[in-house]
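Peer 1: One letter stands for each residue in the lines below.
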Amino acid sequence: MKKKKPRASWGDRILRSASGLTAVLVVGIMIWMGWEMFISSRQSLHQFGWAFLGGRVWDPVHRIFGALPFIYGTLVTSLVALVIAGPIGLGVAIFLSEMAPATVRSVVGFLVELLAAIPSVVLGLWGIFVLAPFLGKVVEPWLGKRLGFIPLFHGAPVGVDLLNGGLILAIMILPTIASISREVMTAVPTVQREAALALGATKWEMIRIGVLSYAKSGIIGSVILGLGRALGETMAVTMVIGNMPNISPSLFSTAYSMAAVIANEFTEATYGLYLSALMEIGLILFAITLLLNIFARLLVWSVARGPKGGHLV
Amino acid sequence: MGNLSVRNLEAWYGAQKALFGITAEIPEKQITAIIGPSGCGKSTFIRCLNRMHDTLPGAKVSGDILLDGKSIYDQHPVYLRKTVGMVFQKPNPFPSMSIYENVVAGLRLNGERHKEKLRAAAEKSLRMAALWDEVHDRLNYSGVSLSGGQQQRLCIARALAVEPSVLLMDEPASALDPIATQRIEELVSALKKDYTIVIVTHNMQQAARIADLTAFFLNGELVELGPTSEIFTKPKDKRTEDYITGRFG
Amino acid sequence: MDARRNLLNALMMGIFSLAAVIAVVPLFAVLGYVLKNGLTSLNWAFFTELPGMMGVGGGMANAIIGTLIVVLLASLIGIPIGILAAIYLSEYDRSSWFSTLVRFTSDVLTGIPSIIVGIVVYAAIVVRTKHFSAFSGGVALAIIMIPSVIRATEEMLKLVPHTIREAGDALGIPKWRIILNIVLPTAAKGILTGALLAVARISGETAPLLFTALGNLYYAHSLNEPIATLPLNIYFYAISPYDQWHKQAWAAALVLVFIVIVLNVVARLAFRSRLRKN
Ligand SMILES: Nc1ncnc2c1ncn2[C@@H]1O[C@H](COP(=O)(O)OP(=O)(O)OP(=O)(O)O)[C@@H](O)[C@H]1O
Ligand SMILES: [Mg+2]
Chain A
0 MKKKKPRASW GDRILRSASG LTAVLVVGIM IWMGWEMFIS SRQSLHQFGW
50 AFLGGRVWDP VHRIFGALPF IYGTLVTSLV ALVIAGPIGL GVAIFLSEMA
100 PATVRSVVGF LVELLAAIPS VVLGLWGIFV LAPFLGKVVE PWLGKRLGFI
150 PLFHGAPVGV DLLNGGLILA IMILPTIASI SREVMTAVPT VQREAALALG
200 ATKWEMIRIG VLSYAKSGII GSVILGLGRA LGETMAVTMV IGNMPNISPS
250 LFSTAYSMAA VIANEFTEAT YGLYLSALME IGLILFAITL LLNIFARLLV
300 WSVARGPKGG HLV
Chain B
0 MGNLSVRNLE AWYGAQKALF GITAEIPEKQ ITAIIGPSGC GKSTFIRCLN
50 RMHDTLPGAK VSGDILLDGK SIYDQHPVYL RKTVGMVFQK PNPFPSMSIY
100 ENVVAGLRLN GERHKEKLRA AAEKSLRMAA LWDEVHDRLN YSGVSLSGGQ
150 QQRLCIARAL AVEPSVLLMD EPASALDPIA TQRIEELVSA LKKDYTIVIV
200 THNMQQAARI ADLTAFFLNG ELVELGPTSE IFTKPKDKRT EDYITGRFG
Chain C
0 MDARRNLLNA LMMGIFSLAA VIAVVPLFAV LGYVLKNGLT SLNWAFFTEL
50 PGMMGVGGGM ANAIIGTLIV VLLASLIGIP IGILAAIYLS EYDRSSWFST
100 LVRFTSDVLT GIPSIIVGIV VYAAIVVRTK HFSAFSGGVA LAIIMIPSVI
150 RATEEMLKLV PHTIREAGDA LGIPKWRIIL NIVLPTAAKG ILTGALLAVA
200 RISGETAPLL FTALGNLYYA HSLNEPIATL PLNIYFYAIS PYDQWHKQAW
250 AAALVLVFIV IVLNVVARLA FRSRLRKN
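Residue numbers (numbering that gives the first Met the number 0), protein chains in the order written: chain A, 0 to 312; chain B, 0 to 248; chain C, 0 to 277.
Hint data in this document are derived by calculation from the structure and do not stem from the laboratory.
Certain hints may be false.
Claimed, not checked - Quick partial rundown of chain B residues pointing at chain C, CB under 10 Å, derived from the structure:
(1) Val77
(2) Leu108
(3) Asn109
What the hints assert, rightly or not - Label pairs and their calculated CB-CB ranges:
(4) Glu122/B x Phe97/C: 48 to 54 Å
(5) Val24/C x Gln181/B: 57 to 63 Å
(6) Glu240/B x Leu170/C: 44 to 50 Å
(7) Leu20/A x Trp11/B: 50 to 56 Å
(8) Leu179/C x Asp176/B: 45 to 51 Å
(9) Leu272/A x Asn223/C: 25 to 31 Å
(10) Glu9/B x Leu179/C: 50 to 56 Å
(11) Asp241/B x Ala9/C: 50 to 56 Å
All C-beta atoms in this analysis are idealised placements derived from N, C-alpha and C, irrespective of residue type, glycine included.
Go ahead and model the full structure; you've got the sequences and the hints to work with.
Peer 2: Okay, here's the thing in structure tokens:
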């Protein structure tokens with residue numbers, strides 16, 4: 000029997016072009032976002048140039064705009080978050096992918112995903128009314144007494160500060176790091192683990208040489224994705240960081256973040272340059288998170304596809 | 000050193016039983032080939048010999064295996080696996096390590112830090128694995144930069160470096176081309192003077208070419224174990240004969 | 000030497016288990032307080048009344064409905080687009096550079112801060128229409144949900160065995176009908192799971208709504224008006240100076256968390272039953 004080769008029907012053409020159009024749309028959205036941010040921040044870009052990045056003063060009344068306090072607050076809170084959530088998230092990932100029996104794995108895995116599902120505004124609420132008093136009355140006085148000689152733990156404890164912002168961010172990015180690095184570790188072929196075991200490796204040694212070193216770049220990718228998430232997180236940080244454009248070495252100091260200043264001042268920006276300066280902060284945030292995400296996704300993808308040979312180690 | 004004596008070994012995957020009452024003597028410094036149709040339990044059997052089977056969730060074993068008279072279950076698996084090395088079906092070098100690091104990985108685990116000793120051990124193992132001439136000038140290249148056959152010999156060198164007395168090989172040549180396969184076969188034959196070798200193979204000619212003893216497995220049972228020449232020319236069991244002559248499997 | 004290795008092993012295993020314990024502590028700490036403070040502040044009026052004046056009683060009836068409206072709107076825009084794009088990636092173009100680009104962009108889009116989406120939609124819609132609106136809020140949330148819908152749907156479509164498509168082909172059924180009538184229904188439960196998880200995620204979003212939906216003390220009467228949502232209200236009430244409003248913020252948090260968790264659980268149950276069937 001001869002096989003019929005039907006011409007593409009109308010239905011086929013419609014579905015193909017409709018779905019193709021949405022695929023184009025996805026890329027379009029990304030380009031459009033970058034373009035829109037760029038256009039909207041042109042005035043500020045033109046007025047301040049690179050000095051915008053280094054400017055320490057943010058004074059809308061006198062039309063002076065510098066982004067440094069916000070960049071600083073964003074970086075410090077994200078770094079605190081990374082230092083806390085990075086190791087814990089990796090530990091969770093290892094626990095889930097290499098250690099836990101099936102039932103424990105599904106329960107703990109579910110709980111971690113639930114943590115990721117808690118809306119950030121709810122975490123912020125908890126940060127204001129539960130974590131801040133706890134930090135201000137218990138943790139920070141304690142830290143100040145023992146470690147007050149380090150500038151990091153200097154100053155009057157208030158609880159609404161960089162430390163609170165960092166901790167809340169840590170809670171938010173922990174599930175990101177845990178679940179993506181778990182995914183990456185699960186993608187490591189079993190033969191890698193068995194190769195290590197067959198050499199007489201203990202479980203930890205198997206994890207180290209059979210899993211972690213294989214998945215290294217993907218794990219780094221997961222941490223960078225967590226960092227990206229921390230940098231751009233808005234609500235929770237806005238609620239607990241104090242919203243003062245300070246640059247202080249102390250974690251007990253109030254500060255401000257890039258996303259927070261946009262959230263707070265955007266609807267109050269009464270003149271073009273003000274709005275444009277806020278847009279430029281958004282543009283910086285967009286550019287940073289875009290680059291981080293591109294880099295991190297490439298790393299994660301590379302592990303999923305397996306290592307390539309032929310190069311020097 | 001390297002006598003294995005298997006006593007009434009049974010193995011399960013969860014509720015599914017994969018090995019039934021295996022009793023066998025595997026003499027030292029000989030090559031014992033394991034043959035049988037797919038799914039008959041060959042891999043399961045040799046993975047019991049270094050307690051790799053135990054690492055799977057839900058897997059169980061009963062019976063006993065004696066290595067030089069001592070039960071392997073009285074040892075910590077980590078130490079057992081130093082004495083009973085293993086080479087897998089698909090070459091699996093550690094991709095993040097160089098050729099050199101791959102070979103000395105096991106020694107490093109055991110705490111050897113002395114540079115000269117590691118160098119010497121790496122060279123010795125690579126020579127034994129007949130790989131030295133091909134890689135001595137690029138020891139710092141990634142382990143996965145080699146061809147499939149070379150990678151497999153690298154894995155053999157890696158297993159030899161910890162100086163085991165038994166070497167288990169699960170179809171070590173099945174992923175390789177004929178020329179690479181021939182090199183592995185020559186290598187295995189040469190290694191027998193120092194090691195007890197248990198090799199699983201799909202390929203009966205291969206077993207006939209290299210093995211001193213051959214064991215035929217069927218449906219999780221050891222049907223027959225004897226000198227290779229006898230198994231292939233005058234098998235005692237009808238089922239072995241059917242298999243050898245290609246009547247099934 | 001060997002004792003050292005064993006010790007190190009035990010130590011590392013302990014550390015990893017501890018990490019797992021530590022990771023779930025904040026979950027229970029947050030849920031515990033939300034439950035405790037939420038339950039004491041939640042009453043019937045919360046569901047039926049409009050907000051009271053500065054700091055006095057009232058409820059969030061408008062915000063509850065507002066959340067439903069905005070999320071529904073976002074889903075109506077975002078889910079079909081996401082599913083269509085996934086169909087393209089899985090059925091029409093699996094491996095060209097373009098589909099790789101789309102897949103990659105979609106993944107990267109997940110990582111763009113949601114407040115950026117908010118200001119871009121502000122610039123594109125609010126500025127042009129000259130007013131804040133439920134519609135612009137819905138668009139912002141739709142953009143946020145599209146990448147997760149794409150990813151979940153594509154993964155589910157890929158799981159549909161190729162033989163099913165070939166069987167349809169052999170019968171001479173046109174490709175679009177194979178996709179719509181055979182492939183999609185086969186993957187339906189998995190797609191539903193992905194969609195529900197995406198809905199759960201946007202239900203709690205606040206930042207992109209700040210300059211789009213804006214918030215409203217009353218009911219919105221059309222999609223062209225500003226509209227209140229629960230997350231926005233939690234934020235505004237939490238940073239207000241009134242105790243009464245703080246209580247209401249906890250009540251709203253409880254309702255929101257309840258919605259989000261229910262969506263998560265339902266999504267997973269749907270998926271579980273899909274697995275069991277296979
Ligand atoms: N991880 C596992 N979980 C459950 N059952 C398994 C597992 N591995 C093997 N089995 C089952 O145990 C039996 C023996 O498998 P085994 O891998 O030992 O066979 P084999 O002889 O090595 O086959 P092959 O020649 O295909 O490698 C088979 O029925 C197989 O389905
Ligand atoms: Mg096998």
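Peer 1: Work down the list of hints and note, for each, if the structure agrees.
Peer 2: Now the hints, each set against the structure:
no. : hint                            : result
1   : Val77                           : holds, 8 Å
2   : Leu108                          : holds, 8 Å
3   : Asn109                          : holds, 8 Å
4   : Glu122/B x Phe97/C: 48 to 54 Å  : holds, 51 Å
5   : Val24/C x Gln181/B: 57 to 63 Å  : holds, 60 Å
6   : Glu240/B x Leu170/C: 44 to 50 Å : holds, 48 Å
7   : Leu20/A x Trp11/B: 50 to 56 Å   : holds, 55 Å
8   : Leu179/C x Asp176/B: 45 to 51 Å : holds, 46 Å
9   : Leu272/A x Asn223/C: 25 to 31 Å : holds, 29 Å
10  : Glu9/B x Leu179/C: 50 to 56 Å   : holds, 52 Å
11  : Asp241/B x Ala9/C: 50 to 56 Å   : holds, 52 Å
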